[in-house]
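Starting from the known structure of chain Z, arrange chain P on it as the hints suggest.
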Amino acid sequence: MTPAERDPLIAQATSAWRPRDADGGARFHPAFCDLDGPGRRELHEQLIVQRRLEAALDPDGLTTTAHAVLHRIRGQ
Amino acid sequence: MATIDLDRHLAAIQQGDADAFARWLAGAEQPLRRSLRAFATEVDGEAVLQETLLRVWQVAPRCTPDDKPNGLLRLGLRIARNLAIDHLRRHRACHVELTEGDAPAVEPTLPDDELRAAIARCRDQLPDRPSAALAARIDNRAADPDRTLAERLGMKLNTFLQNITRARRLLADCLRRNGIELDPEAS
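These protein sequence lines are chains Z and P, in that order.
Just so we're aligned, residue 1 is where the first sequence starts under our numbering, counting upward by one.
Just so we're aligned, residue 1 is where the second sequence starts under our numbering, counting upward by one.
Bound-form chain P, shown alone:
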């Protein structure tokens, strides 16, 4: 399978094109998130990832392409690792053992058409309340905490969280019945 080179968006990103950065993000997020696995018990990977992505956007104009693909992603992987280590040094004395198996793969990932079609069908089959909770999270785009989203839906926080968990499980079960396994180890 040919490697996706996300650097095709680099020139536009360097010109401040946020839409181009969005296209880069669509392929870069998963490998960046996976690269933080070694730190999972010590740092909140979601917070570190969001800060990483902002820094990538800020330093992208100074990124000089080399003869390998995905130079900006490789830069992002270094930023993510350094931010995670910085958090460890500032907040914790513990030591994270980085093994060979923790070396991040520089392989962008994009949702495939089969997954898109199956998940659309499965989402339509969700019961009302899990569907509403899931939609609230997705449509809100991380602007508000769950407590606020729950109040808008007239749910208690715990009920909202149970519906989020139920929606995820039902989607995974439905996808599995369609022959799609959402293994965290797989792309």
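The following block holds chain Z by itself, in its conformation from the complex:
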């Protein structure tokens, strides 16, 4: 897999949006499934950095992951 193929997939999978199954559970992102092993490792590292950035930008220190989960908990 070339960087030109890999980078857009990593960029997509860094979103906290995930498809839902019939029970509302989070399924794997389609872009994650298309990534190779090195791309998935890179995604893991980028997610750590990106969520740190998001937490630092949020007044409550919450990431988009946290907001997605709280949204489900609050039934919004």
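By construction, these hints were calculated from the structure, which means they are not laboratory data.
Keep in mind the model is a prediction, meaning the values are calculated, not measured.
A portion of the hints provided could be inaccurate.
[Unchecked claim] Facing chain Z, from chain P, some residues (calculated, C-beta under 7 Å):
| # | residue |
| --- | --- |
| 1 | L25 |
| 2 | A40 |
| 3 | G45 |
| 4 | I164 |
| 5 | T165 |
| 6 | L182 |
All residues carry an ideal CB built from backbone N, CA and C; glycine is no exception.
This is chain P only, laid out in the frame that chain Z set:
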């Protein structure tokens, strides 16, 4: 440095206080995410993490504190690991080698004031389109896929993704110039 004990939020969480859970989340997310590193090539850590956090919320009323800090976080680490292994068993035959170095640290993390101030300055310096793409992701709070966000901004998906990547790189570069390195290995 004193350990942050997120169990100070436990009693309120057990009463169904979602705001208290949000405060717990702010410190617990990073160690939980890091704990999934050993599974990174096999399972989508973001999906597993979101399911983990929901289960933590569901089982928190049954969590009994012991004499160690961060009991709920330690419970979350077990849930995350079990969910990841469950995914492996259901979907894959491969085996993940867990080494000593993969043992998760139970150390909550919170953004520090220096990072907050620097990133606010750096965000203000972003060009319009990367800034718009980043804001769309953050403000949407994972409600919609990128394709939808791109359409709202009048961008093609690939353009939107390029702007997301560019925003992240520009922020990291700007932070680096301010003496802040966002190393994934660091807290």
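Hint check results:
no.	hint	verdict
1	L25	4 Å, holds
2	A40	4 Å, holds
3	G45	6 Å, holds
4	I164	5 Å, holds
5	T165	5 Å, holds
6	L182	5 Å, holds
When the structure is compared with the earlier hints, no violation turns up for any of them.
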